[in-house]
Structure formats: structure tokens, C-alpha cells
Amino acid sequence: MNLRRLRAIAVKEWIHIRRDPRSLVVALVLPLVLLLLNGYGLNFDLTDLPFALCDYDQSSTSRLLQESLVRSELFRLVGSVRSPAEAEHLIQDGDCLFALIIPPHLQADLAHGKSVAIQMLLDGSDANTASIARQYVTGALTSSSQRLVAEAGKRLGLPARATLPAITMERKILFNPGLDSRHFTVPGLIVVILVILGALLTSGAVVRERERGTFETLAASPLLASEILLGKLIPYLVLGFADVIIAVCTGALFFHVTIAGSLALFLACAFVFLLCALGFGLLISTIARTQQVAMTMAIVATLLPAINLSGFVFPVRNMPLFLKLIAWVIPPTHFLIIARSIYLKGVGLGVIWPQLVVLIVLAAVILRACLTRFRKQL
Amino acid sequence: MRLRSLIRKEFRQFRRDRRLFGMAIMAPIIQLTLIGYAANLDVKGLPVAICDEDLSRESGRLVSEVAYSGYFRVAASSVRSEDLIPLLARGRAQLALDIPHNFGRDSRTGKAQVQIVLDGSDSNSAGIGAGYLSGIVLQHGARALVLQRTRAGGPPVPLPQLDLRPRILYNPQLASLYHMVPAVLGLVLLVITSNLTALSIVREREAGTLEQVMVTPVRAWELMLGKLVPYALVATFDLLLVLAVVLFWFQVPLRGSFLFLLGSALLFLLTCLGLGLVVSTVSRTQQQAQMTIFLVIFPSIILSGFMFPIENMPDWMQPLTYAIPLRYFLVIIRAVMLKGSGLPELWPNVLALALFAVGLVGAGAALFHKRLS
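Residue numbers (the numbering used here), protein chains in the order written: chain A, 1 to 378; chain B, 379 to 751.
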């Protein structure tokens, strides 16, 4: 490998990038836009769930129950209905997510110490939202229930202790005390954006030369395959690293999600990861025959796997075995663990070294594969 | 006649690049599998670490209730209290239950206390997991209370309870699959159609063959249709393929009208073609076209409600979603398949899609014309 020749290739590639200002701007603005859009749009913390109420009891207790639901920010009362059928209609039209049906004699039954079942009609079509909504309503009813039990106990003249829960619980939340899902999604988003951007940037790098016929010129030159590949990679590494920094700053400025651990360690890991991501794009570029195929492949092969398989949104532990295996060989899964650990838990190399080793191995394997494919083409 | 030879030319190019052909078929299948099987937010088998300092019969019972609840997997038992936090930091467990000394004795007098420690970094799993864990502990406490009262020989005191009886409509098993899989259809159409169309036109411009075709007596609209029709056919093929997989492999119910669904899908297909056309006219190189398409696709995934409900977005963001054609298509396909809705409920969405289709194809055609002349 000759450093002078390497530099020449890198400079040539840089000129290509500079000549296309729109792509350059997109490459630098993309992380900002994507992070903002997703940071606000991807939110697990559901609030204002629309619901309808069918109150057959119309008593002070049922009104109290309704108030306790409305007062919390979690629910929003869309309207009262007179029958479950009417409620079902509202759900069908998508006007509300669920409906609660309070049976007649709620107040009377509770006063006699009888338990009362409240029916919930729930739109299950979006399963995730539905199960979170069920969880919320269960929680709200449990606390109402406890209050009612305490009141009943007082009426019956029981000692206060007898109606309190026998075991009290203390909750301690580490790393993200507010349970704000943004702290979970922002580091993940940085990972996803880097994967996609990496592949987008380099997926055209080799195949473009082939399509334009300049590939033969390169092949005829005294350049080594490794020099060409590395030379092509370097400008994109610089660009990708700028993207990392833009993404980290955006997360800190707009979402107040900052790195709890060492920034230097994070950047070092990000560098290794960039090698994987850009290398993967290059690999696509050496496989595809046209830019059309390369670029569509880059989107298909990175966008969804990075989002769905890496654990960015959906936990890897829920996946069937064959997907788990794929998840464990793709780089984003490992960098995601690193990113979240450094961002949220502030841990150091002592904890994340296994993932870092895997990333280094993957980077080596991907770049090696690029070189083999590329040599064959030369 | 001229149109037919243009279409034939495009298909020949298509056939010559076998990777393109493979991708058009494989991409939808891969995407479906990834979404269908991976998209699962259920909280099951959460790794929990347990520190039982009491080691009494009472605490043992609580531990086994946690272990056999189905929600948790005991990742580490008999951990020392001070080791719990490092264990969570290393990611070995996501929750920890800390049962102190004298738990058994205190629970007989109703003064027992336990601590739940959560790794809040995955806030969603942590919150739901903590909910389940508290539920188990509370139930255990309630049982202990009843036991204690009967032991004391007092009469059983009836205490009122509010129970929730959920009846889940449309998707009783709450399978996320039913929600996500139909939506993939929209995404596949968007990615494949708009991307391939835009790139195929820009490629000719880059290669300089567009000028060659222009000097022939082929008219602009013929040239345009010659580009659009082949990709429309490929996309229609993808549409049917994905629908078949959704219905027969994933067995998502189709409760509404198939024809209505197909009609809306074709309408959406038109908007994707139009989008590809517009992008192709404003891009000089394939890389530019690619970047531009991507700038449209990624926000579409988020803003369309593909993964997260639109109602959950901040208020300033929700109006933006109306500018995303995918949004309307997702509403339609999900409602038709799961709720059995039809035109009476969905007409505003169909209308919006139609407007987008006409607008985008019209704008694309006008721009295409202008660039050629």
C-alpha cells in the first residue's frame, strides 16, 4: 500500500462529493432532520387516549370514577354514550380507542362490599397501543379500588391497617428516573441513522464508476485494489463522522439527551461502527451491477433490519430464534447496546468490551469481503 | 405501437439485470418476514434478578410466584443486595426484586416491604414490567392478608373490588402482527415503485440515452408512459405477492371488500409512480435521486403512523402527517382488513389518495415535459 496513491484516490473521491453539493447537503442535514422528526414522532409514552363512557349507574361513585380518569393526562373523554353498541360504533369509526361500561347498581353493590366488574371495549387493531391502554386503565382502576376499599373499611369500623396492602413497595428507577422514552429512542436513532446513511453514501461508490465506464481506467492504473477501496472509504468516513457529531449535538440540544459516560469512548466505538456501515455500502456496491439496484438494495437491506432487528424498537428477546441469529450478526444490534450503555448507564470499556470486539471483527469481515469481491472484478 | 416497443425495451433491461428482478421479488418477502416476526413489543420473559435476604417460606413463595408468572425469566437468583445495581448496569437483568430480612415475619403483621429496582433505559419494557411485578407483589400481599385474618379467627370481611373485564375487538389475541403486516404492503410499494421509477429515468439521462430517444419520433408522453407502465406492472405483481403472503401465510383476516382494497392500493401505486417521476425530474444524478427519495421515505415511515399512532405525536407534528400519502393508505388497509370498513367510513382517505395521485402524476408529467423540451 502506497500512501501517496491512497491520498490521490481519496482526493479524487472528495472532488466527486464536492461537485454534487445537493448530496453533500443532504448527507449533512439528514441526521438533523431525521433525529428531529423521529425524536418527536417516536414516542412510547401514550397520553390523551380517547375513550367513551357508558354510565348506566349515574351515581356519585360513577362520576367520581369518571373524574379520576379524566383528570389524569392519560385519557381524554370523547363523549358519553347510551349503549355498548353505540360505543362500538365510535370505535369502528376510529373516534375512540376504548370504551368503559359502568354497570347499573355500581354504587349500591360497592356499598354492600360486593365486587363490581367494569367492562372495557378495546380497539385491538393496534396491538401495542391496545395493551398499553389496558395497562393504564387497570392501573387507574386499581388505585380507585384501593380508595374504595379504604372507605368501606372505615364504614365497617375496621382498623386502617386491615385495609392497607399487606406489602408496601418501594420503586427505584436507575439510569432514566423519569422513564422518558426519549432517552431510549435518541441513542437508538443515532445508530439507525448511521447505518442507513453509511450504506446510502457508499452504495454508489464502486458501481457508479462501472456504469460510467471509468472503472476500466481505474483497473488499468497501477493502483492496488486495497488502495482504491480505502481511498474511496476515507472521505465518507470523514463525512460519516461529521454526521455522528451532528447527531450527538442534536440529541443534546433538542432532546436534552446527553452522554452519561465517556464521549471519547462513544466516538471511538462510533468510528468502528462507521467502518461496518460504510463497508456494508461498499459491499453492496461491488455486488450490484447498476446504481439502481445498489441504491434500492441499500434501502431494503439497511432501513428495515436496522429498525426492526437491532432492538431499536422491538426487543430482540421477543424474536423467534432464526431472527435472533440474524440480529446477533448485524452490526447495529451491537452498537445499539454500546450506545445505550454509554448514553444512559455511563458504563465504560469494562462493560461494553464484548460488543466492541464483535464490532471490530464484523468490520474486518465486511471490509475483507469487499476487497475479495473487488479484486475479482478488477 | 411505439409505446409497446418502449415498454418492451424497459422489460428487456429489467430481464438483463437479474439482480433487479430478484430484488423486486425478494425485497417484499424479506420486509414482511422482518416486520411480521420481529415487531413484537410484548413484555414477556423480562430478565429479573432476585435478592432474597430473608430466605423464609414466605419469601420463597413470592419468588416462585414471580418466576412462574410467565412475564419474567429469573436471570440471577440469590444475588447480594449490593450487587443488584452492577448487575443491571451490565444489562444482565432489567429488573430486580429486593426482599429484605424479616420479610416473612413482617408480612404477618402487615408491615413487610420490598424494593423493586428498574433499569429505566428501556422505559417501555421497564414500566410495563414494573407494573406486572407490582401486581404480583400486591396479590401476594392480599393473600397474606386474608390468611392472616382467617388465622386470627375473625369473620371474613367482604371488601369491594373494581375488576376490569376487557373485551378486545378486531384482534382479540392482541397480535401486533395484524397491525404491522398489512402496513408493510404500503411500505413495499413506496420503496420499490418510487425508487425504481426515479432511478430508471435518471439513469438514462446520466448515460445520455435519453437524448437519443428524444430525437426519435417518440413523443414525450409515450416516453413517460414507457417508463411508468413497466414499473407499475412490477409493483402490481409485488402488490399481489405481498397480499397473498399476508392473507395465506400470516393469515391476517380480510374482513372488508377485496376489490375496494385492490382499488385503493392501485390508487396509492399511482401516487408512488408520480412521486418517482417528480423526483426524477429534479435530480441530475442517480445519487441525488436516491438521496431525495430517501428524504421522502424515511419521514413517511414515521409520519404515516406505520409504527406509532399519529394521535400520539405532538400537536405541531400531527398536521404534517396529512402531507404523507402513505398515511391515508395505511388507514385504509388496516381498517379494511381488521375492522371490515368500506367506502362509507373511509371515503375521506380515498379522496385524499386520489387527489395526491392526480396531483403528483400531473406535476410529474408537466415537469417531465418541460425538461424534455
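One or more of the hints may lead you astray.
[Unchecked claim] 25 angstroms max Cα-Cα, derived DSS-like pairs, lysine-lysine:
#1 K422/B with K324/A
#2 K748/B with K489/B
#3 K748/B with K154/A
#4 K324/A with K376/A
#5 K376/A with K12/A
[As the list claims (entries may be wrong)] Far from chain B, by Cβ distances over 10 angstroms, these chain A residues were calculated:
#6 D57
#7 H256
#8 M297
Hint data in this document are derived by calculation from the structure and do not stem from the laboratory.
Backbone N, C-alpha and C define an ideal beta-carbon position, used for all residues, glycine too.
task: Decide if the proposed pair is consistent with the structure: K748/B and K154/A, CA atoms, cutoff 25 angstroms inclusive.
output: Between K748/B and K154/A the Cα gap is close to 83 angstroms, so the pair fails against 25 angstroms, i.e. violated.
Assertion that D57/A lies farther than 10 angstroms from chain B (Cβ): holds, 12 angstroms
query: Would the least Cβ to Cβ distance between H256/A and chain B come out above 10 angstroms?
result: holds, 15 angstroms
message: Given the hinted pair K422/B and K324/A, is their Cα-Cα distance within 25 angstroms?
response: Holds - the C-alpha atoms of K324/A and K422/B are around 15 angstroms apart, at most 25 angstroms.
Given pair status - K376/A, K324/A, alpha carbons within 25 angstroms: With a Cα-Cα distance of about 32 angstroms, the restraint between K324/A and K376/A is violated, given a limit of 25 angstroms.
Hinted pair K748/B and K489/B, Cα distance within 25 angstroms: violated, 81 angstroms
task: With a cut-off of 25 angstroms on the C-alpha distance, tell me whether K376/A and K12/A pass.
output: Holds, at about 23 angstroms.
query: Can we trust that M297/A is non-interface, i.e. its beta-carbon lies farther than 10 angstroms from all of chain B?
result: violated, 6 angstroms
In the structure shown, a violation is registered for the earlier hints numbered 2, 3, 4 and 8, in ascending order.
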